[in-house]
Amino acid sequence: AQTVTQSQPEMSVQEAETVTLSCTYDTSENNYYLFWYKQPPSRQMILVIRQEAYKQQNATENRFSVNFQKAAKSFSLKISDSQLGDTAMYFCAFMKQGGAQKLVFGQGTRLTINP
Amino acid sequence: DTGVSQDPRHKITKRGQNVTFRCDPISEHNRLYWYRQTLGQGPEFLTYFQNEAQLEKSRLLSDRFSAERPKGSFSTLEIQRTEQGDSAMYLCASSLPGSNYEQYFGPGTRLTVT
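Sequence order for the protein chains is A and D.
Be aware that the first sequence starts at 1, since it is given in my numbering, and climbs by one per residue.
Be aware that the second sequence starts at 1, since it is given in my numbering, and climbs by one per residue.
Think of the hints as simulated: they come from the structure by calculation, not from any bench.
Check each hint, because a few of them may be wrong.
[To be verified] On the chain A side, residues computed to face chain D include the following (Cβ under 10 angstroms): (1) Val4; (2) Ser7; (3) Gln8; (4) Met11; (5) Phe35; (6) Ser82; (7) Gln83; (8) Leu84; (9) Asp86; (10) Thr87; (11) Phe91; (12) Ala93; (13) Leu103.
[To be verified] Calculated cross-link-like contacts (lysine to aspartate or glutamate; reagent style EDC-like; alpha-carbon spacing at most 20 angstroms): (14) Lys11(D) with Glu102(D); (15) Lys70(A) with Asp26(A); (16) Lys96(A) with Glu102(D); (17) Lys78(A) with Glu29(A); (18) Lys55(A) with Glu44(D); (19) Lys71(D) with Asp7(D); (20) Lys96(A) with Asp7(D); (21) Lys96(A) with Glu44(D).
Each residue gets a CB set at the ideal place from its N, CA and C atoms; glycine is no exception.
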C-alpha cells in the first residue's frame, strides 16, 4: 500500500515571500503520478500541479514548482511570490498508474499568507 | 461545463437514520470517485465507478454504505443506520481518461451525525 506523509501541519509566511511545503511518500511502484491539490477555506479542491514519475524534469506552473526526488521519494512544492489567495490547505497526493487511478492523500498542510 | 456538483451541501441527521447524497459529475467524465475527509485529515478513497460499473471499493466502505451510478451519469452514496463516526465531508470527483489524470472535485457534502 502507498502512504503519503506531510510533516508540516501548519505554515505561515508573509505576502510575497517564497514558501516550500514538504511531502514524502512510500511505494514499491515504478510508474505513478504525484499531485499537489489546494483546498481554500469552504471551497472545493483544485489541482495545483502534477508530476509524472518517469519525467526527470520538475514540473512548473507559473509561481508553483516542485522538487521531485524519485530516489528519496520526496515531492516538495515551492510557491514563489506568495499571494493572499494562496491561503489554503495543501494536499500532496499519489496515484498509481493503471487500475482505479485513485488518489492517496497526505494529511495536509495549512498555509496562511499574511499581509 | 459547470463542474462537479453535490447535493446537499450540509446534512445533519440523528444517529440511526439513513442519508443519501448525490453527485453530478462533469458531463463527459466516465470515471467517478467518492472520498471521505474527516476534520484535519486528507481525503480517503471510498469507491470508484467507470460508467455505471462500480469497480473498486475501499475497506472503509462498510456494509452500511452503498453507492450507485445507475446510468453512468450521476451517482448516489447512501449510509444506512448512521453512526457518529460517519460525521465527515463526503467528496465526489470525476475524471476523463486521457485528461492527464486530473480529478475534478465537487464542493462536498458535510455530514453531521448527532
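Hints, verified against the model:
1. Val4: Nearest chain D Cβ about 8 angstroms off; hint holds.
2. Ser7: violated (13 angstroms)
3. Gln8: Violated: closest Cβ of chain D sits about 13 angstroms from Gln8(A), beyond 10 angstroms.
4. Met11: violated (15 angstroms)
5. Phe35: Holds - the Cβ of Phe35(A) comes within 10 angstroms of chain D, reaching about 8 angstroms at its closest.
6. Ser82: violated (22 angstroms)
7. Gln83: violated (22 angstroms)
8. Leu84: violated (21 angstroms)
9. Asp86: Hint violated; Asp86(A) Cβ to chain D Cβ min 18 angstroms, cut 10 angstroms.
10. Thr87: violated (17 angstroms)
11. Phe91: Where the cut-off is 10 angstroms and the nearest Cβ of chain D is about 5 angstroms from Phe91(A), the hint holds.
12. Ala93: holds (8 angstroms)
13. Leu103: Result: holds, 6 angstroms to nearest chain D Cβ.
14. Lys11(D) with Glu102(D): violated (28 angstroms)
15. Lys70(A) with Asp26(A): holds (10 angstroms)
16. Lys96(A) with Glu102(D): It holds: about 13 angstroms lies between the C-alpha atoms, which stays within 20 angstroms.
17. Lys78(A) with Glu29(A): Violated: Lys78(A) and Glu29(A) sit about 25 angstroms apart, past 20 angstroms.
18. Lys55(A) with Glu44(D): violated (27 angstroms)
19. Lys71(D) with Asp7(D): holds (18 angstroms)
20. Lys96(A) with Asp7(D): Roughly 30 angstroms between the alpha carbons, so the hint for Lys96(A) and Asp7(D) is violated.
21. Lys96(A) with Glu44(D): Given that 20 angstroms is the threshold and the Cα spacing comes to 15 angstroms, the pair holds.
Checked against the numbered hints given earlier, the structure breaks hints 2, 3, 4, 6, 7, 8, 9, 10, 14, 17, 18 and 20 and satisfies all the rest.
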